[in-house]
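*Asks:* One letter stands for each residue in the lines below.
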Amino acid sequence: MESALIAAVRAVHFAAAIVLFGQFAYVGAVSPQREAPPGFARITAWTCVLLLATLLLWLGLEALSMSGLPLREALGVQTLAVVATQTVFGRVWLARFALAGVLLLVVSFLYRHPSHRRAQALGAVLAALVLATIAGVGHGLAGKGADRAAHICADALHLLAAGAWLGGLLPLVLLLGRRDALPLAVPATQRFSTLGIACMAAILLSGVVNVWYMVADVPALVHTSYGLMVLAKISLFLLIIVLAGINRSVLAPRLLAGDAALVSLRRNAIAECVLGFGIVAIVGQLGITVPGPHMH
Amino acid sequence: MTYFRAALAARFSRLVLGALIALVAQAADAHAFLDHASPRVGDTVHGAPAEVKVWFTEDLEPAFSTLRVLDKDGKQVDRNDKQVEAAVMHVSLPQLAPGTYRVQWRALSVDTHVTEGDFNFTVAP
Numbered sequence: 027m028e029s030a031l032i033a034a035v036r037a038v039h040f041a042a043a044i045v046l047f048g049q050f051a052y053v054g055a056v057s058p059q060r061e062a063p064p065g066f067a068r069i070t071a072w073t074c075v076l077l078l079a080t081l082l083l084w085l086g087l088e089a090l091s092m093s094g095l096p097l098r099e100a101l102g103v104q105t106l107a108v109v110a111t112q113t114v115f116g117r118v119w120l121a122r123f124a125l126a127g128v129l130l131l132v133v134s135f136l137y138r139h140p141s142h143r144r145a146q147a148l149g150a151v152l153a154a155l156v157l158a159t160i161a162g163v164g165h166g167l168a169g170k171g172a173d174r175a176a177h178i179c180a181d182a183l184h185l186l187a188a189g190a191w192l193g194g195l196l197p198l199v200l201l202l203g204r205r206d207a208l209p210l211a212v213p214a215t216q217r218f219s220t221l222g223i224a225c226m227a228a229i230l231l232s233g234v235v236n237v238w239y240m241v242a243d244v245p246a247l248v249h250t251s252y253g254l255m256v257l258a259k260i261s262l263f264l265l266i267i268v269l270a271g272i273n274r275s276v277l278a279p280r281l282l283a284g285d286a287a288l289v290s291l292r293r294n295a296i297a298e299c300v301l302g303f304g305i306v307a308i309v310g311q312l313g314i315t316v317p318g319p320h321m322h
Numbered sequence: 013m014t015y016f017r018a019a020l021a022a023r024f025s026r027l028v029l030g031a032l033i034a035l036v037a038q039a040a041d042a043h044a045f046l047d048h049a050s051p052r053v054g055d056t057v058h059g060a061p062a063e064v065k066v067w068f069t070e071d072l073e074p075a076f077s078t079l080r081v082l083d084k085d086g087k088q089v090d091r092n093d094k095q096v097e098a099a100v101m102h103v104s105l106p107q108l109a110p111g112t113y114r115v116q117w118r119a120l121s122v123d124t125h126v127t128e129g130d131f132n133f134t135v136a137p
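These protein sequence lines are chains B and E, in that order.
Just remember that the numbering used here sits 26 ahead of the position in the first sequence, which is counted from 1.
Just remember that the numbering used here sits 12 ahead of the position in the second sequence, which is counted from 1.
A hint or two may mislead.
[What the hints assert, rightly or not] Non-contacting residues of chain B with respect to chain E, defined by C-beta distances greater than 12 Å in every case (computed):
(1) L208
(2) T220
(3) I272
(4) R280
[Stated by the list, open to error] Label-pair ranges, simulated between beta-carbon atoms:
(5) E:D83 with B:S261: 46 to 56 Å
(6) B:T220 with E:E128: 41 to 51 Å
(7) E:G86 with B:L95: 13 to 23 Å
[Claimed, not checked] Here are the simulated lysine-lysine pairs, BS3-like style, with alpha carbons at most 27 Å apart:
(8) B:K170 with E:K94
(9) E:K65 with E:K87
(10) E:K65 with E:K84
(11) B:K170 with E:K65
Rather than coming from a laboratory, the hints here were simulated on the basis of the structure.
Heads up, the beta-carbon is just placed ideally off N, CA and C, and yes, glycines get one too.
Given the sequences, and given the hints that come with them, work out the whole structure.
*Replies:* Okay, structure coming up:
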């Protein structure tokens with residue numbers, strides 16, 4: 027039961043971190059005048075609250091899982107303190123909680139001053155750290171020495187690239203939905219396309235690093251529930267690639283022709299978002315699933 | 013030109029697939045399982061061992077990892093002084109009488125996954 031809850035909380039937490047970082051990535055790399063995208067203040071504020079809430083839930087659920095104690099004892103101060111101070115997860119959790127707390131202050135400031143450049147830059151750095159440090163509690167820890175460091179770095183790069191791409195797509199969708207979208211949509215779409223290619227390259231690079239470490243386990247993946255989830259994830263990702271390709275090659279060049287392309291572009295971008303967050307949901311579950319080769 | 017593009021697309025697709033598989037395959041080492049133990053799993057040893065030592069496939073969190081040695085009646089017979097060093101967990105033993113003993117372990121890996129198991133060994137006179 028707690029495993030399912032951990033998977034759900036992880037997925038929501040990842041999604042919140044991605045949405046949050048994506049907002050700042052959009053401001054820095056997509057928005058033509060570095061203007062805050064539609065809904066920036068509300069989205070960053072609420073996702074930051076969600077980020078902190080899911081962090082707290084995650085700690086409680088991990089304490090329950092790690093200790094094996096009944097609920098009341100597992101959530102007692104003593105057990106939570108041991109988890110937070112005597113485990114790798116806990117120490118990274120403390121750092122991430124502090125980062126998310128400061129980020130909430132910055133986001134609160136941006137709620138009233140959404141175009142404040144320095145606050146935007148600080149928010150971007152904090153959101154990037156909150157997202158990238160998820161790698162510090164991930165499966166990269168399973169390795170040793172330099173391999174562990176390389177694996178964690180690859181995971182962090184992967185998270186940031188996915189965050190900029192998927193998280194940055196959301197404000198683009200909102201922009202494309204505005205009545206006066208067309209003048210802004212052309213440069214925003216072009217810039218997002220460039221960002222998307224850079225992110226894809228980073229995702230592939232970090233993925234290749236992981237192949238280097240884990241390729242021996244690939245054949246067993248197809249015979250287990252773990253493997254089926256992997257295949258689902260790959261299928262969703264390939265669909266995203268196809269949609270992104272259509273957007274870049276077919277729809278974006280036609281954008282100047284009128285609203286019809288804009289509507290199609292927005293529809294495809296929404297579909298990419300849905301598929302992308304579907305992948306995030308799968309990743310939440312994958313992290314707690316035993317891979318086939320290790321089922322003894 | 014078309015052939016070149018098709019070849020490039022095929023290569024790109026393979027790269028995407030490889031990267032994706034790797035991303036999820038990274039969890040393959042993500043649980044600490046028993047690698048080997050001393051005394052060995054199911055082994056018969058002549059003379060009482062001074063300790064039970066278990067090697068795992070991944071580094072452990074000392075805080076919530078446990079190692080216990082039980083006699084045939086389920087009574088704990090180790091010195092209750094479990095220690096964890098990276099991926100190795102050990103507990104010392106008093107002078108054990110001949111008989112079969114059960115080793116119960118619970119391992120919390122550094123990436124937060126819990127695994128449990130047990131095995132027997134026999135002390136022969």
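*Asks:* Please go over all the hints and tell whether each is borne out by the structure.
*Replies:* Verification of the supplied hints:
no.	hint	verdict
1	L208	holds, 32 Å
2	T220	holds, 18 Å
3	I272	holds, 14 Å
4	R280	holds, 21 Å
5	E:D83 with B:S261: 46 to 56 Å	holds, 53 Å
6	B:T220 with E:E128: 41 to 51 Å	holds, 50 Å
7	E:G86 with B:L95: 13 to 23 Å	holds, 21 Å
8	B:K170 with E:K94	holds, 23 Å
9	E:K65 with E:K87	holds, 19 Å
10	E:K65 with E:K84	holds, 20 Å
11	B:K170 with E:K65	holds, 20 Å
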